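Undergrad: Sequence:
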Amino acid sequence: MRTVNVESRRVTPSVPSRLAVPAGVLAAAAAAFAYVGTVDPNEPGHYPACPLLRYTGLYCPGCGGLRSAHAFVHGDLLAALHANALATLGYLGFAVLWTVWVVRAVRGRPLRIDPRPGLVWSLGALLLVFTVVRNLPFGGWLHP
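According to the UniProt record's numbering, the sequence shown is numbered sequentially starting from 1.
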């Protein structure tokens, strides 16, 4: 049987230390957006081409994501949605998830991501439908 020492009690970390990881994630995302906002993906040669688009002519779900981020950084929401609507919704999802993470960290609770299988399948189906529709003739409005 293990003995417990009085000094070995669990100490709750301070609020600044609990916010260190969310702040680091936000700093990394901000740095990535700052880089994409500075280096224009519409100029040839700045970023590699999508291999799926290059070799098959099909748009992957991420095609237009850099152009979307560039337009988003510059405040052009319509251009961001046109370049990649799913990525633009992803920015909003990231902001909501990050805010929940910070609120839970301030309250001393861990971030728990436990999606139900139905949600995971629904997101996968949305990604698949988005990819298929943007490659069909009537889905031209989803082309980057």
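Please keep in mind that the hints were generated in silico from the structure rather than gathered at the bench. A portion of the hints provided could be inaccurate.
To be verified - Quick list of simulated restraints, FRET-style, between CB atoms:
| # | residue 1 | residue 2 | range |
| --- | --- | --- | --- |
| 1 | R109 | P137 | 16 to 26 Å |
| 2 | W141 | R10 | 11 to 21 Å |
| 3 | T12 | L52 | 26 to 36 Å |
| 4 | P137 | V103 | 24 to 34 Å |
| 5 | R10 | V103 | 35 to 45 Å |
| 6 | R107 | T38 | 15 to 25 Å |
| 7 | L119 | V25 | 48 to 58 Å |
| 8 | V96 | G140 | 23 to 33 Å |
| 9 | F138 | E43 | 46 to 56 Å |
| 10 | R10 | G45 | 46 to 56 Å |
These numbers were taken from a predicted model, which means no experiment stands behind them. Cβ coordinates follow ideal geometry from the N, Cα and C atoms, glycine included.
Undergrad: Against each hint, give a clear statement of whether it holds in the structure.
TA: Consistency of the hints with the structure:
no.	hint	verdict
1	R109 x P137: 16 to 26 Å	violated, 49 Å
2	W141 x R10: 11 to 21 Å	violated, 55 Å
3	T12 x L52: 26 to 36 Å	violated, 48 Å
4	P137 x V103: 24 to 34 Å	violated, 45 Å
5	R10 x V103: 35 to 45 Å	violated, 22 Å
6	R107 x T38: 15 to 25 Å	violated, 36 Å
7	L119 x V25: 48 to 58 Å	violated, 22 Å
8	V96 x G140: 23 to 33 Å	holds, 30 Å
9	F138 x E43: 46 to 56 Å	violated, 30 Å
10	R10 x G45: 46 to 56 Å	holds, 54 Å
Violated hints, listed in ascending order, are 1, 2, 3, 4, 5, 6, 7 and 9; each of the other numbered hints is respected by the structure.
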